[in-house]
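Residue-level listing of the chains:
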Amino acid sequence: MLSNYSQPLEFTKLLGWLDTTLKANMPEVWANLIEFVIVAVAFLTAYAVIALILIYAERKITAFFQARFGPNRVGKYGIFQSVADMIKILLKEIIHINNVDKFLFYAAPFFMIVASMLTFGAIPFGKMLHAVDFNIGVLYVTAVSSLGIIGVLLAGWSSNNKYSMIGAMRSGAQFVSYELSAGFALMTIVVLTGTMSFSEMIAKQEFCWNIFNGHISSIVAFVIYLISGHAETNRGPFDLPEAESELTAGYHTEYSGLQFGFFYLAEYLNMFIIASIATTVFLGGWMPIQIHGLDIFNQFMWYIPSYVWFFGKTAVLIFLSLWVRWSFPRLRIDQLLNLEWKYLLPINLVNILVMVILVLSGLTLTDLFPSLF
Amino acid sequence: MENIKKVILNTVPEAVIEDKKILTVTVEPNKLHQLAKALRDNTALPFDMLVKLIGMDWGEKLGVIYLLASSTDLSKEIVLKTGTADRENPLLYTVTDLFETAHFNEREVYALLGIRFINNPDMRKFFLNSDWVGYPLRKDYDANPELNKLSLESKDIIDIAPRIMEVDGKLVEETVNIFAEDDYIINIGPQHPSTHGVMHFRTSLDGEIVRKIDVHSGYIHRGIEKLSENLTYPQILHFTDRLDYLSANINRHALCMCVEKAAEIEVPERAQYIRTIMDELNRIDSHLLAWACQTNDLGATTAFIYGMREREIILHIFEKTCGGRLIINQNVIGGVMFDIYADFQKDVKSFIPYMREKLVEYDRFFSHNVIALGRMVGIGVMSKEDAISYAVTGPAGRGSGWSCDIRKHQPYSMYSKVDFKEVIRTEGDSYARYMNRLDEIEESLHIIEQLIDNIPEGEVLAKTKAIIKLPEGEYFQRIEACRGEFGVYIESRGDKTPYRMKFRSPSMALVSAMPLICKNEKISDFIGIGGSMDYVIPDIDR
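Protein sequences, first through last, are from chains A and B. In terms of the working numbering, the first sequence has 20 at position 20, counting the first letter as 1, and numbering is strictly consecutive. In the working numbering, each residue carries its 1-based index in the second sequence increased by 373.
The following block holds chain B by itself, in its conformation from the complex:
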């Protein structure tokens, strides 16, 4: 990391470097782009993945925190900070040209904090309507419902985007049309059977061919990050389940780990085992559903039911453990709330060979079907560079040949002690993503197999204080959820509630890549690619 410091100081000599757990660099807004570019293009260790882009209101200053990681080694991280004291018209420079994933994130920051980004090609608000009054994540936000009344009137969608461009050193405010005048636009969503939730793609078609996609999101935005600021950590846990509800347990695990690390709580080993097993069961459950939904998107209803059938067994195990099926409320700060039941090992062990048998059946039934191959092979190709730039992780990122499994790069819980393969394919098409999921089910089974007989005796819940207060500081936690990297960021000012809470949504990255990989594909393939990306909407609309 010393070399990196040199790179930073060479590029921006006045940068303030702090040696925290993660190297933190603070720069002026006008230097940030330059620094980010230097870090991204650093050949020895390129910081080319923008993990999180966190809009901040520090009180006197508004700003952004960037968490960068290296695509070659995800455990190498660096934090960039920048901010502006202008609260009336805060302007920062965009990094969208360096990291495509920044595009939606910057729009989100604009909607929630009012910071506009110079040179971002499309500076509409994400999540919120353009006429929303106030910026919710600002500390001086007025939440009076009178200001933003519930409107029952239908509003037309205006496909005109404002933006601020820097032309010859001067800032120019301009507008740009998203679609051409005579484009044939069709709304796929917000109510559509195959958008996997309340997602809205405005799609411009040329016959059956998709020319352009404009993503509208926020139909079920609940402001979880804002709500969290007034709640204690154990209370916030429940929100994590409602993000990506299909990897509820894993999301919750992430927040628990983040708080445990910050508060220095030692988690009993038995709880670690249980968490890991539950995480993997959750992953199988999620991948089964993803497989089932993808086959359904491609028109095979029977395969869909088969996926659901196997998933039911896992849900049954969850239900027996703690009463919940989809959202299981098991992880709590310090361990797990419920110990496993007496027959847990027996049930899981009988599930493993059964699932293996079914994987063979899936293979025979669907994976080599000639029509299925025609609908997946070579469709929706995403290159490794694009995957990194859009920060597309999980089975989709690994389908593009990018080793991005946090379980390998930054092992947590029991993952350093078990043997498993990171499934990587290089084709980058729908089929690679599809096969990755099926193979990951096998790997998960393998992980569970290694742990299930060795669960140590002992406590499952560490003793914690009645009120958990985190010491002042910034805490990052990254975890491998079912759809990719899930992340938690907590900024604490020493209170029992966080000062700022941010969740990294893997699905948002997946959706942001959709316009790229669906361009010039058929409309049916757009649906098929959506299935192979497997995004979950509440995860985006936090």
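For reference, chain A alone in the conformation it holds in the complex:
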């Protein structure tokens, strides 16, 4: 049904042509290899570019919240500020610290970056813009994103600094707790859609996003996912691991130069990853808004390419996250854990049950109004 509409700006044809040309001219192994390299380069570039854009956007949006100007010196409206910052951080000296556990200390930032990179790879950015389409995509994303915590713990432990240590311990407790909620919230939707693959999830959301399909239960799961995802990214009001007014910079106090840059990059990318998973799972991913029977409308929606839809939806969620971050004061560690274990987790467990009942008794919107959705 999708192919019925004209999609002039999609990359589908280009990618298809690339694939067939490569495979026609060389052995399949080589063709695959070249494709791998192209994908890897594209992802690394996207990774850096998205982080730069996010950093700039956050600084500008925050400035707007705080009645300031934000960066406005490098380029018009300061748009090259992040690029300048990146160059600066690349050139900066890495300060070598005595009395740290050298191996772990230098390994820690890579865990962070690798974990977010692995998660990044599984996200569908648009139609056909999907590096690996696992049939257990949700599970995979949940699993690899929690690798990042190892980096945080290692950083805190190996720094040989009491502030870093406290930050890392907080982070450990926080991550383990909120990972649970985030996982359960995603599971609720897995119950609803009956699949763990992102591409199938998106296909099922063509006419009715999951957040509407499971109504009450989905909305609860969505809110919980946003909260716990926000907590997983260590950003205010959950920024206890690096609470700058308490622990100076928490687990990455001792890092400098590019190593600090890695933590910084990973933090922003994690924010993007959380928002994009939420988009894919709850808000229809890259799927344009479609209404049954309104072919002209649908065609117009398809003129907007799928990656624009994806990034647009993600941007809205990121804006939400920034809004929260810059409005709320920080929680205390016991309040943070209370919120998770006493409120979010029980709600979540009940919520899954409710979802199961909804699905089994045919009370989802698609079941109730099959002609509409």
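Some hints could be false.
Unchecked claim - Partial selection, computed: residues in chain B whose CB lies under 7 Å from chain A:
hint, residue
1, Leu671
2, Gly672
3, Thr675
4, Ala745
5, Gly747
6, Lys895
7, Ser897
8, Ile900
If you're looking for bench data, these hints aren't it; they were derived computationally from the structure. It should be emphasised that the depicted structure is a prediction, and the values quoted were computed from it without experimental measurement. We put the CB at the ideal spot given by N, CA and C, even for glycine.
Using the hints, position chain B against chain A.
Positioned in the frame of chain A, the structure of chain B alone reads:
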């Protein structure tokens, strides 16, 4: 006060009582504790607040002057004096068990005058290193830099405190460990974003819970009191600004008033109006910064910027008046240096409704935020008794239900003529202190509103002699600064320079209460409580 005399003579019959402006009682060192206890426990009018503890070197004698006030009526004051002729090993008795605030003050006296206090539980030097040679405030101090060379070597902090205890009538010198052997100690400060200056808390942690705090201070001690002894009064004025720089104008006002009273200089009414308005603007400015910093300590960066935004308008008014923003150099002995500018009234009057509007915004944005409430309500509770014992005044003291506003108890300048409420809350927690500040901004606006249209015409500066000499005597002045009671003590021997100059620091009292109210709180709350107490370090490290 006749009853008080009876109480004194009943307790210590040989006490020498002088009827000066403030009742002054001189006793022998061994009787002082007894007398102070009797005065503190006097039910009709308890003298339970130790306002100032002033170490003195009278030449032949070393001693201490205590200014006591009644917590029920701060205008009732009494001065106790005691001294010892032994300059080699001067010993006096502590009053720390009666007034907790004496603890740090006695340690300060030990560092600066070398007087040790028997029974003080921790007799380390405050402000100075333990190996400092000489006692700076003594008149025979040798200031030769060779004696105390600048050391570039890192020194370990030794957590062992010497003390002298009286056991069965005998004096025993002993040492005591501040921390237990296996305590997990973390240094919060001297460089830390939330200590509001160069303050050093050695904190013993149990997980995230604060078990014990040991305060180290003196990283920016400048010896202002010592410097003052060689400078004329107009010169000393500039130091007052550098104490609590956030209430610079008010501190300066205090010293001006003290000198004016002593030299019997009549301040023109116009200057009084201007001083009061400027003081209140300064108070709003300081409270805004305190609010902003507290929200920042709790992790809300946006609220911080909002506070700064409103503060900027006041700073702008200051700048237009006299060129300075933080430190405005306006008060001088005899009045104010600069008259207000033409549009001053207009600017201030447009600021008042704007600020009111913003107060509502603060309320909506932060004061009722669920996380903010969770971080402040019931955290860092200080009882009224503790507040009095630690002499914690200002918004913090009033947050504990203690009416301690000098503007009400001992009105100065125009405060007797304006109508304003003393904001008092009884909860004693961080939130009470937080809300007190916001409410005090409103009260300050109300005060300014009453004065701004009625500033009389006339001179702003009384004619004073070129060289101001104060007649021989002791002069006390108390004033309500932004963080509590600021005090000036001048002992004059008839010269153009003071014989002894002492400033009472409200922040020192605030910090001295920190170990008490932060005990068993989380480390994040320690930071939050620090924000709600709002101490300024240069005020402590005079």
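Status of the hints after comparison with the structure:
1. Leu671: For Leu671/B, the interface hint holds, since the closest Cβ of chain A sits about 4 Å away, which is under 7 Å.
2. Gly672: 3 Å, holds
3. Thr675: Holds, about 5 Å.
4. Ala745: 5 Å, holds
5. Gly747: Since chain A brings a Cβ to about 5 Å from Gly747/B, closer than 7 Å, the hint holds.
6. Lys895: Holds. Min distance 6 Å.
7. Ser897: 5 Å, holds
8. Ile900: Because about 5 Å separates Ile900/B from the closest Cβ in chain A, which is inside the 7 Å limit, the hint holds.
When held up to the earlier numbered hints, the structure conflicts with none and fits them all.
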